[in-house]
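Number of protein chains: 2
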Amino acid sequence: MAETDGYGDPTKIMVAVNESSLKGYPHPSISSRSAFEWTLSKLVRSNFSGFKLLFLHVQVPDEDGFDDMDSIYASPADFKSMKERDKIRGLHLLEFFVNHCHELGIKCEARVRKGDPKDVICSEVKRLQPDMLVVGCRGLGPFQRVFVGTVSEFCVKHANCPVITIRRNADECPQDPIDD
Amino acid sequence: MAETDGYGDPTKIMVAVNESSLKGYPHPSISSRSAFEWTLSKLVRSNFSGFKLLFLHVQVPDEDGFDDMDSIYASPADFKSMKERDKIRGLHLLEFFVNHCHELGIKCEARVRKGDPKDVICSEVKRLQPDMLVVGCRGLGPFQRVFVGTVSEFCVKHANCPVITIRRNADECPQDPIDD
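The listed protein sequences correspond, in order, to chains A and R.
For the first sequence, counting from 1, position 98 maps to 98 in the UniProt record's numbering; every step adds exactly one.
For the second sequence, counting from 1, position 65 maps to 65 in the UniProt record's numbering; every step adds exactly one.
By construction, these hints were calculated from the structure, which means they are not laboratory data.
Take the hints with a grain of salt, since some may be wrong.
A partial selection of chain A residues facing chain R, derived with a Cβ cut-off under 7 Å [unchecked claim]: (1) Gly6; (2) Asn160; (3) Cys161; (4) Pro162.
Glycine included, every Cβ here is placed at the ideal spot set by N, Cα and C.
Modelling step: build the complete structure from the supplied sequences, incorporating the hints.
Below, the structure written as structure tokens:
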């Protein structure tokens, strides 16, 4: 059933993606798009049947568990609908990537998970065993990194598969490089 | 003249390779072979015209400049022949990789350079601008790494292109993991 390029199972590439800090959902961050576009143009190229992309979007829960402080939660159902709405936002984000793959005929899967991105990415790598992991990064200096977290650096060190980090192009970098 | 898969210039992958610490020249180290085989099976796959491999072998000069302490150097010509012999050893190592590519019909180039591997690799990345760099690594723990140097870690941080580090398979690891 699964057609390949005749060279064994497709190469499974996990691509970690997040939402834009500037435009919010459903827009992917600049670095997620860069990582995705790089994967297509430099690795997959014309070999659509030779690769399978596993998109993973990890949603960070608010510290207090509330996404909108001005909302009123009057019943357990309200909380449930909030969680569902979060998940739907995540799915809308993934739609961008899945649609693009579908148009090209590249097999893919997409997942939304909750938690600390660096931990969840590494545990999903363990579970799904991709051949490699692609993560975007903002290309910040050491000082900026301290305040932003370093998901890509953590994954390079701890993920249980080869990891490649793709920086945004300089011309796509917003005025404040911490934005994405 | 240059045929590709119809998706623009081939993806240029630089692969840094070294000799086996156990078997010496012309045998490639286990981690170099792993990195090469991974590149072929997971990235190039069937798309032979979509990729071009740039092999780079960096020879480390002995601290005292002598490779064989029991040799006699009686004239400038002796030193010259020593240097040429080193270079020939490096070329024999590269032959393994180039032959393999040639058999498959994958375009490649191969270079021998002298110097500190981590610096030379990074400067060759700047000069040749590959789309990505593949480096093998022994998968040593932090304590072992201190004594062996960490070419792969240095390149991940400093090379001017995306870098992917490929570990040896556990079953290919020699008794002493520092051997390669």
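Structure-based check of all given hints:
no.	hint	in the structure
1	Gly6	6 Å, holds
2	Asn160	10 Å, violated
3	Cys161	9 Å, violated
4	Pro162	5 Å, holds
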